[in-house]
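Trainee: The primary structure of each chain is shown beneath.
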Amino acid sequence: MSLEQKFLWFFFAIACLLALASVIGRVLARRATSEGAISTIENLNQRVNAWWGMVIIFFVSWLLGPNATVVLFGFISLFALREFITLTPTTLGDHNALFSAFFILIPLQYLLIGSHWYSMFTLLIPVYAFLLLPAIAVLSQDTEAFLERTAKIQWGVMICVYCISHAPALLLLDLQGFTGQNALLLFYLVFVVQLSDVLQYVFGKLLGKHKVAPLVSPSKTVEGLVGGGLSATLIGGCMFWMTPFNFWQSLLMSLVIVVMGFLGGLVMSAIKRSLSAKDWGTMIKGHGGMLDRMDSICFAAPIFFHLTRYFFSVL
Amino acid sequence: MWISNALIAVLRLLIGVTARWEGPPDLTRQRIYFANHSSHMDTLAIMAALPPEARVNVKPVAAADYWGKNRFLSYISQQGLNAVLIERNPAPGTNVLEPIFDVVRAGHSIIIFPEGTRSSQALPGPFKSGIYRLSETFPDVDLVPIYLENLHRSMPKGKHVPLPIICTIRIGNPLPRIAGEDKQLFLERARDAIVRLSK
Chain D
1 MSLEQKFLWF
11 FFAIACLLAL
21 ASVIGRVLAR
31 RATSEGAIST
41 IENLNQRVNA
51 WWGMVIIFFV
61 SWLLGPNATV
71 VLFGFISLFA
81 LREFITLTPT
91 TLGDHNALFS
101 AFFILIPLQY
111 LLIGSHWYSM
121 FTLLIPVYAF
131 LLLPAIAVLS
141 QDTEAFLERT
151 AKIQWGVMIC
161 VYCISHAPAL
171 LLLDLQGFTG
181 QNALLLFYLV
191 FVVQLSDVLQ
201 YVFGKLLGKH
211 KVAPLVSPSK
221 TVEGLVGGGL
231 SATLIGGCMF
241 WMTPFNFWQS
251 LLMSLVIVVM
261 GFLGGLVMSA
271 IKRSLSAKDW
281 GTMIKGHGGM
291 LDRMDSICFA
301 APIFFHLTRY
311 FFSVL
Chain E
1 MWISNALIAV
11 LRLLIGVTAR
21 WEGPPDLTRQ
31 RIYFANHSSH
41 MDTLAIMAAL
51 PPEARVNVKP
61 VAAADYWGKN
71 RFLSYISQQG
81 LNAVLIERNP
91 APGTNVLEPI
101 FDVVRAGHSI
111 IIFPEGTRSS
121 QALPGPFKSG
131 IYRLSETFPD
141 VDLVPIYLEN
151 LHRSMPKGKH
161 VPLPIICTIR
171 IGNPLPRIAG
181 EDKQLFLERA
191 RDAIVRLSK
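Chains D and E, in that order, give the protein sequences.
Per our numbering, the very first residue in the first sequence carries number 1; after that it's consecutive.
Per our numbering, the very first residue in the second sequence carries number 1; after that it's consecutive.
These are calculated hints, taken from the structure and not from any lab test.
In this text, all values refer to a predicted model and were calculated from it rather than measured experimentally.
Treat the hints with care, since some could be wrong.
Using 30 Å as the maximum straight-line C-alpha spacing, the simulated DSSO-like pairs for lysine-lysine come out as follows [stated by the list, open to error]:
(1) E/K128 with D/K152
(2) E/K128 with E/K59
(3) E/K199 with D/K152
(4) E/K59 with D/K152
(5) D/K285 with E/K128
With the rest of the complex left out, here is chain D:
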């Protein structure tokens, strides 16, 4: 199968899944009678519609080439950091540091990916931004809660820019027998993460009884986690034809992605709660904000990136 064929099959399969979800949503909407059921189904249909939008955006970015994909993730980082900072109590003294984070750091990080400068891509935020952002903030001489403010900005930048940027960074890996096909790997990652989220949601709604961490995230259930996680892992394993992995390797990679994605959802949910918010934003109808959709990617992408690089790159 040629590269283009693989892509087209991949998107065709997703379109079929979504079409099926849309049909099921319509049927359920007609059958729902109780108030709770109606609002759940309405939210479900909003989610499915948003999925159509997101898949179309990814499809177009693939048509436009790798640079467009990098730019797309740059904007995802921008919107994610925007939500993070909106909920974080920053002050006037942080203005210049935040300006640098938004308008210098984000473009620079994605420029490094676009120009395939791997070492600088891994260092820019943990080293340079780590030291320079507080240095910029300190010039305003506002010492009130300085450590807290600095730590929060640091965390926002790490999660929203550094971690998310590891997804498009898959494009700069040089993998054995996989030259020119890295975009497939990026879609593989995004697909497994999101599929795991969706299946956990579906299994949770259908069978969910025991909550995993009710104080952190009331919607996550053991049944959802096990049922959704395992089926996403299995489906991910079967997607090995998109990757440089064989079936077993793909199965293990999917398992790592699913577990990291789950942990990411949990941690981001705890942060959201500590900032006393229910959703990160309202950008994506039915899902909440950009970070509500990206929380699992934030945790899964860096680990997937490093495992793939360590075990599969050309020596």
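Position chain E against the provided structure of chain D, taking the given hints into account.
Mentor: Positioned in the frame of chain D, the structure of chain E alone reads:
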């Protein structure tokens, strides 16, 4: 029109500017929108939050000492935003509010910032009496409170570049009329209407 549309598009991308209405608005009535003031983007943010058909007839009130400062700002404010410029420090004997009275008489809705200046706080400072005089002169025009959330964080006084922080425009129901209300009580009630929206 294209200037305001372009500016609004940039603003949307940057700070979101989602509108939250307390109740469904009656946009057929003439309205005086009054809001807390914390950044140079406030007027544009309110314009962006209003539905396009309501935007056409709205004239924001802006300070001539800033928005008339040079030809660029003056062009943006008058051609792009359809603003009425007023002198904050008028010559003795002239009425500061006269240009505003004229546009309200002509049937336009307006946007005013009753504090008269930008504040660096989340909540508005004390109101100047202009809004009281408007309300006395035009008892049939609706007074609509607006709370601008987070704009003081996005572009605080003294900073020239806005940060992408999501700003929400909370638009309240019109202020009820109380006949013969004392000026000070009215000003406090108007300010409280905005404070209430911030909660």
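Trainee: Take the hints in turn and mark each one as holding or not.
Mentor: Results of checking the hints against the structure:
1. Of the pairs offered as hints, the one joining E/K128 and D/K152 is violated, with about 38 Å between alpha carbons and a cut-off of 30 Å exceeded.
2. As the CA atoms of E/K128 and E/K59 are separated by approximately 20 Å, the hinted pair is consistent with the 30 Å bound.
3. For the hint linking E/K199 to D/K152, the alpha-carbon distance of about 24 Å falls within 30 Å, and the restraint holds.
4. Distance check on the hinted pair: E/K59 and D/K152 sit about 40 Å apart at the alpha-carbon level, beyond 30 Å; violated.
5. Distance hint between D/K285 and E/K128 is unfulfilled; the C-alpha atoms sit about 41 Å from each other, more than 30 Å.
Checked against the numbered hints above, the structure breaks hints 1, 4 and 5 and satisfies the rest.
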